[in-house]
Amino acid sequence: MPNLGDADATLDLRSATGYPKELEQRYQVLQELGRGGMGIVYKAVDRETGEVVALKVLKPEIAEDAHQLERFKNEVRLARRITHKNVCRIHEFGRLGATAFISMEYVEGRSLRPILEKSGKLPLEEGLRVTRQICAGLREAHQQGIAHRDLKPENLMLDAAGQAKIMDFGIARRQDSTATISGSIVGTPAYMSPEQAEGKPADHRSDLYSLGLILYEIFTGKAPFKGDSVAGMILKQIRETPPPMRQLEPALPTHLKQAVVRAVEKDPAHRFQSVAEFEEALEGRAPVAPAPVFERKPRLPKASFAAAAVVLLAAAAGAYLWTRSRAEGPIEVSFRQHTLANRLRVILSEDHFAPTVSMAVTYNVGAGDERPGRTGLAHLFEHMMFEGSENVGKGEHSVLVENHGGNSGNRIAPDFSGFFQTLAANQLELGLFLEADRMRSPRINQASLDTQRHAVIEEVHRGRDNRPYGRTFETALDVAFDNFPYKHSGSGVEEDLNAVAVSDLAEFFRVYYAPSNAVLSLVGDFRSEAALSLVRKHFDPIPRQPLPAGPDVTDPPQQGERRKTIDDAFARSPLVNVHFKLPPRTSPDWPPLRVTRQLLVGGRSARLHQKLFREQELVTNVSGGVQENRGTSLGSFNFFPRPQKDIAQVEKAAYDELNRLQREL
Amino acid sequence: MSDAELEGAKRQLRREHAQQLQSTLARALMLGEYAAVFRDPGMINTLSRRIEAVTKADLQRAAQLYYKDTNRTVVVTMPKAGSRP
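Going down the list, the sequences are from chains Z and G. Residues 3 to 667, numbered by this note's numbering, are exactly what the first sequence covers, in order. Residues 133 to 217, numbered by this note's numbering, are exactly what the second sequence covers, in order.
To be clear, the hints were calculated from the coordinates, so they are not data collected in a lab. One or more of the hints may lead you astray.
[To be verified] Reference listing, derived: stretches of chain G covered by chain Z, where coverage requires no fewer than 3 residues with Cβ under 8 angstroms from a Cβ of chain Z:
1. 142-148
2. 162-170
3. 183-191
4. 205-211
[Claimed, not checked] Computed from the model, here is a short list of chain G residues facing chain Z with C-beta under 8 angstroms:
5. M133
6. S134
7. T156
8. L157
9. A158
10. R159
11. I176
12. N177
13. A194
14. A195
15. Q196
16. Y198
17. Y199
[What the hints assert, rightly or not] Straight-line alpha carbon distances no greater than 16 angstroms define the calculated EDC-like cross-link-like pairs of lysine to aspartate or glutamate that follow:
18. K613(Z) with D658(Z)
19. K45(Z) with E26(Z)
20. K654(Z) with D201(G)
21. K188(G) with D591(Z)
22. K142(G) with D201(G)
23. K396(Z) with D439(Z)
24. K200(G) with E659(Z)
25. K200(G) with D591(Z)
26. K212(G) with D467(Z)
27. K200(G) with E653(Z)
28. K212(G) with D569(Z)
29. K396(Z) with E384(Z)
All C-beta atoms in this analysis are idealised placements derived from N, C-alpha and C, irrespective of residue type, glycine included.
Please work from the sequences and hints to get the whole structure.
Okay, here's the thing in structure tokens:
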């Protein structure tokens with residue numbers, strides 16, 4: 003649901019000490035703790051609870067990308083399921099203004115990295131103690147179906163009491179290849195498993211490999227692989243075996259050395275298959291059987307080199323696309339369309355650049371289709387679709403995708419809702435099976451309804467009633483729109499949600515979640531003909547339904563300015579939002595409007611930023627957003643006035659700029 | 133408005149679009165939305181072509197039509213006095 007946080011042109015206005023000023027609304031920031039691929043981590047005090055927390059503030063390019071952010075939130079949601087004393091606790095995903103962050107347990111202590119740097123190896127007993135604790139945390143996470151995928155000494159903390167804690171579960175990095183394309187090499191090459199290095203799906207056994215390398219270092223004080231380039235390191239993970247530990251530490255127990263060797267087997271099938279097995283062997287409680295030798299293929303350096311080259315090439319893809327777009331104007335996306343007998347529309351777009359496939363199922367239903375007294379149904383259904391279906395268990399969808407190295411998520415807007423995943427190309431059919439099963443037979447019963455009703459109401463409370471500016475956008479919709487579809491936000495009114503019966507949900511499902519009201523889009527590494535026959539196999543059996551009548555989504559023209567002031571117990575500074583009703587997304591006026599938005603709020607050189615922030619110093623932040631609808635849309639400009647500045651003065655300066663656009667040619 | 137300002141805005145939009153399209157997931161989501169809501173997945177290409185064609189006169193006309201006082205809704209959120217330290 004677009005809201006203030008979806009500002010499309012957030013300006014990077016930082017406080018003097020470098021952290022986003024908006025954090026001050028809720029936290030007192032104490033110090034910067036570190037920087038990573040996702041953003042900067044700060045130590046802060048929650049003004050509400052007095053608790054000291056670590057705040058990971060996401061980089062603007064992640065925070066502003068709605069799709070990336072949605073997937074990221076899903077990962078946080080998963081990681082929050084892990085409650086264990088050896089895993090750093092994730093509290094919540096939050097937003098203050100345009101700043102998106104994750105708050106988590108603050109761990110006072112040091113990571114294994116400086117400890118190993120200072121003292122080399124750990125004494126045997128101490129090393130074993132730390133290992134047991136890491137294993138305990140990892141075991142719990144794996145039991146929840148969550149793999150870490152970026153274990154390294156930097157992510158293992160020892161707190162003041164010597165207790166080990168695994169940091170950054172599920173949020174360390176993106177393991178899917180779309181992330182690879184958009185930037186850097188995934189993971190940390192020094193501890194990356196061979197399957198990750200080759201860009202293949204990585205499951206929990208990838209963690210066992212990384213842990214094996216870490217233990218090698220803990221007990222010998224030496225990194226198993228040394229390389230001065232990322233590419234060199236990746237090749238070593240694929241091709242080389244670490245030097246035998248006995249050469250470095252002859253006195254180590256034999257079973258421990260054997261266990262590490264087994265953990266760092268190149269083929270996941272030859273490693274221990276669980277943390278428990280690994281622990282048994284480390285402790286000498288179970289003999290380490292030699293790795294089973296089934297069809298062990300000779301490793302051809304050339305082939306491996308090619309695989310590593312794929313990873314490296316994928317990292318260069320961003321630059322490639324960008325160069326092409328500069329040279330030839332906008333990029334064209336080619337695709338094919340098919341309609342199945344049940345009227346499911348299928349869109350196929352081949353892209354053989356990386357061996358992955360992304361798929362989205364988009365239903366032509368959103369909050370705009372809800373009726374008064376029945377709000378929140380579309381939102382509720384987003385949740386219900388994770389309750390399982392005839393052949394898929396509750397919550398199993400995301401776990402299956404994750405375990406195959408993929409990512410899944412969902413989205414909802416006023417006009418549509420949908421589900422998506424990115425998978426290794428050879429897992430295309432898994433994704434199709436999962437989506438088809440819940441399109442055909444989602445688990446709708448009293449128990450699943452009660453669970454998800456509760457979750458949705460909780461979410462509404464968190465999002466609306468317990469955060470700064472939580473009611474601001476909802477108020478704007480209510481004031482600006484006359485007709486019901488866009489007048490209400492999609493989260494749902496609590497009493498409406500409480501009134502939902504199983505029969506209401508079943509009927510909503512029958513009408514709106516039929517193949518005839520949906521689109522399946524596939525982009526990635528597949529052959530269209532083959533993909534289409536898999537699509538037919540899974541989706542053809544689902545019956546079509548009559549097309550639902552859409553609501554009237556056009557608002558009458560507005561006749562005069564509308565205005566409302568609200569009080570907010572959580573806000574620490576005033577916020578002024580100026581909204582304009584815009585035409586439907588398909589209007590010929592849309593492209594010029596998109597350009598005006600860019601001119602006004604699209605970056606530091608944009609007009610509203612220049613005038614109100616730089617020249618007149620009236621505001622601390624300017625941003626813009628838009629709700630793009632099938633019917634009447636809404637464009638927004640958001641201003642945070644500086645302390646002591648008059649709101650009327652801020653508005654006047656903003657309107658002067660908007661008027662200038664109307665006058666000048 | 134200078135030609136350079138308009139061209140700069142278009143260039144930024146072009147770059148943004150190109151960056152978005154890098155991800156296979158973003159493409160799948162856009163195609164899905166445009167097909168489901170507008171029955172036109174081709175919007176993934178046409179919108180950026182139309183932006184290239186925008187003139188200063190188009191901008192002025194759109195601003196006059198939509199950024200006018202009578203079409204405006206203002207919401208002011210004020211911190212509730214005395215409710216928090």
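| request: Under 8 angstroms, Cβ to Cβ, is where L157(G) needs to be relative to chain Z, so tell me if that hint holds or is violated. | output: This interface hint holds because 4 angstroms falls under the 8 angstroms limit.
| request: Could you grab the alpha-carbon distance between K396(Z) and D439(Z) and see if it respects the 16 angstroms cut-off? | output: This hinted pair holds, its Cα atoms lying about 12 angstroms apart.
| Can the restraint linking K200(G) and E659(Z) be considered satisfied, given a maximum Cα separation of 16 angstroms? | Roughly 12 angstroms between the alpha carbons, so the hint for K200(G) and E659(Z) holds.
| message | Next pair to validate is K142(G) with D201(G); report whether the Cα-Cα distance is within 16 angstroms. | response | violated (27 angstroms)
| field | Within 8 angstroms of chain Z's CB atoms, at least three CB atoms from the region 162-170 of chain G: coverage verdict | value | Held - the region 162-170 of chain G has 7 residues with a Cβ nearer than 8 angstroms to chain Z, which meets the minimum of three.
| 8 angstroms C-beta test of the region 205-211 of chain G against chain Z, three or more residues | holds (count 7)
| message | Tell me if the interface restraint on A194(G) is satisfied: Cβ within less than 8 angstroms of some Cβ in chain Z. | response | Since chain Z brings a Cβ to about 4 angstroms from A194(G), closer than 8 angstroms, the hint holds.
| said: Quick check on A158(G) please, does its C-beta sit within 8 angstroms of some C-beta on chain Z? | reply: At about 5 angstroms, which falls below the 8 angstroms cut-off, the nearest Cβ of chain Z leaves the hint on A158(G) intact, so it holds.
| message | Tell me if the straight-line CA distance from K200(G) to E653(Z) falls inside 16 angstroms. | response | Cα-Cα ~13 angstroms, so holds.
| request: Examine the region 142-148 of chain G: at least three residues should have C-beta closer than 8 angstroms to a C-beta of chain Z. | output: holds (count 5)
| At a threshold of 8 angstroms, is the proposed contact between M133(G) and chain Z supported by beta-carbon distances? | holds (6 angstroms)
| request: Would you check the hint for K654(Z) and D201(G), treating anything up to 16 angstroms between C-alpha atoms as holding? | output: holds (11 angstroms)
Taken one by one, the earlier hints fail for this structure at numbers 6, 22, listed in ascending order.
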